[in-house]
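Undergrad: Letter by letter, the chains look like this.
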Amino acid sequence: MVPLSYYMVLSAIVFLTGFVGVLIRRNIIILLLSIELMLNATNINFVAFSHYLNDVSGQVFVFFTLTVAAAEVAVGLAIIIALYRGKATVNVEDLNLMKW
Amino acid sequence: METVAFFYFAAVIVLTAVLVVAFRNPIYSVIALLVMFFHVAGLFVTLHAEFLAAVQIVVYAGAILVLYLFVVMLLNLKQDDSYQRQVGWGIGLGIVGLAEMIYLVLSAQVGNSPAIGTAALQASASPKVAAIVTRGNTEAIGYMYTKYLFPFEVASLILLVAMIGAILLAKKGVLGMKEP
Numbered sequence: 155m156v157p158l159s160y161y162m163v164l165s166a167i168v169f170l171t172g173f174v175g176v177l178i179r180r181n182i183i184i185l186l187l188s189i190e191l192m193l194n195a196t197n198i199n200f201v202a203f204s205h206y207l208n209d210v211s212g213q214v215f216v217f218f219t220l221t222v223a224a225a226e227v228a229v230g231l232a233i234i235i236a237l238y239r240g241k242a243t244v245n246v247e248d249l250n251l252m253k254w
Numbered sequence: 016m017e018t019v020a021f022f023y024f025a026a027v028i029v030l031t032a033v034l035v036v037a038f039r040n041p042i043y044s045v046i047a048l049l050v051m052f053f054h055v056a057g058l059f060v061t062l063h064a065e066f067l068a069a070v071q072i073v074v075y076a077g078a079i080l081v082l083y084l085f086v087v088m089l090l091n092l093k094q095d096d097s098y099q100r101q102v103g104w105g106i107g108l109g110i111v112g113l114a115e116m117i118y119l120v121l122s123a124q125v126g127n128s129p130a131i132g133t134a135a136l137q138a139s140a141s142p143k144v145a146a147i148v149t150r151g152n153t154e155a156i157g158y159m160y161t162k163y164l165f166p167f168e169v170a171s172l173i174l175l176v177a178m179i180g181a182i183l184l185a186k187k188g189v190l191g192m193k194e195p
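Same order as they appear, the protein sequences are chains A and B.
So the number in this note's numbering is just where the residue sits in the first sequence, counting from 1, plus 154.
So the number in this note's numbering is just where the residue sits in the second sequence, counting from 1, plus 15.
Heads up, some of the hints might be wrong.
As the list claims (entries may be wrong) - Restraint ranges, calculated between C-beta atoms of paired labels, are given here:
#1 A/Leu207 - B/Ser171: 22 to 30 Å
#2 B/Ala123 - A/Gly240: 47 to 55 Å
#3 B/Ala123 - A/Asn250: 38 to 46 Å
#4 B/Tyr43 - A/Thr196: 21 to 29 Å
#5 A/Lys241 - B/Ile173: 25 to 33 Å
#6 A/Asn245 - B/Phe85: 19 to 27 Å
As the list claims (entries may be wrong) - Derived coverage of chain B by chain A (criterion: at least 3 residues anywhere in the stretch with Cβ under 8 Å from a Cβ of chain A; other residues may be distant):
#7 28-42
#8 51-57
#9 61-67
#10 78-84
#11 101-110
#12 160-170
#13 173-179
The hints are simulated quantities; they were obtained by calculation from the structure and are not laboratory data.
Note that this is a predicted model, so its numbers are computed, not measured.
Each residue gets a CB set at the ideal place from its N, CA and C atoms; glycine is no exception.
Produce the entire structure from the sequences given, and follow the hints as far as they go.
TA: Printed below as a string of structure tokens:
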């Protein structure tokens, strides 16, 4: 029987990997991939708690996370395509139009 | 057996998660994320969430990652994709946060008591738990949607808005830019 804390530590590692990825990468597509990593970390936590507390509600909430992830990917990639069409770059340091 | 499976899945998940961030080439990153999603699905199977494992593979690996691969190949990115200048700060912050989280989890001793676990599942007299055991995993989730009906409707609205937004944003001439 694997203790619940192992799953939480795994989830923390994956979440912080995504966090570090958002901080250190310049490619905006990798930034979105890092956000996917963070969402998956929360999914692991939800399912682990759902299993250990014998409650299916946690698994239902994974579906809502999935919905948000799909919406985020669709809109985010559309924004990236629109940006690339206008500025021909996916480097976040070149996208400083709204900086003052 | 369960412990071996957990450590295998956890090791591959951590490794591929780090590789997603570390690879310079975005296509390699997407492939690493694909491997990670399959292993997360495997972890879900060991947690008796079989339906979620299937959905994880179909939606994440089948739909979302294909979209990423489309965009990565469509944009034809150059290879000179370096890290930010504050890479040391980012990794340092990540290590500090990880240390905090591990300390919190270990000090709380959450879930280490044997009372919470699958052994309690059969012993429990709660009718809801008994219903989950007798029905399948998928059916139990389906019944939960009678309880979470309103969030379900909101989720469908979010998907509709995202669909319309993606179509509008990807059209030419949006964001005040000139047509190429």
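Undergrad: Go through the numbered hints given earlier and state which of them the structure violates, listing their numbers in rising order.
TA: none
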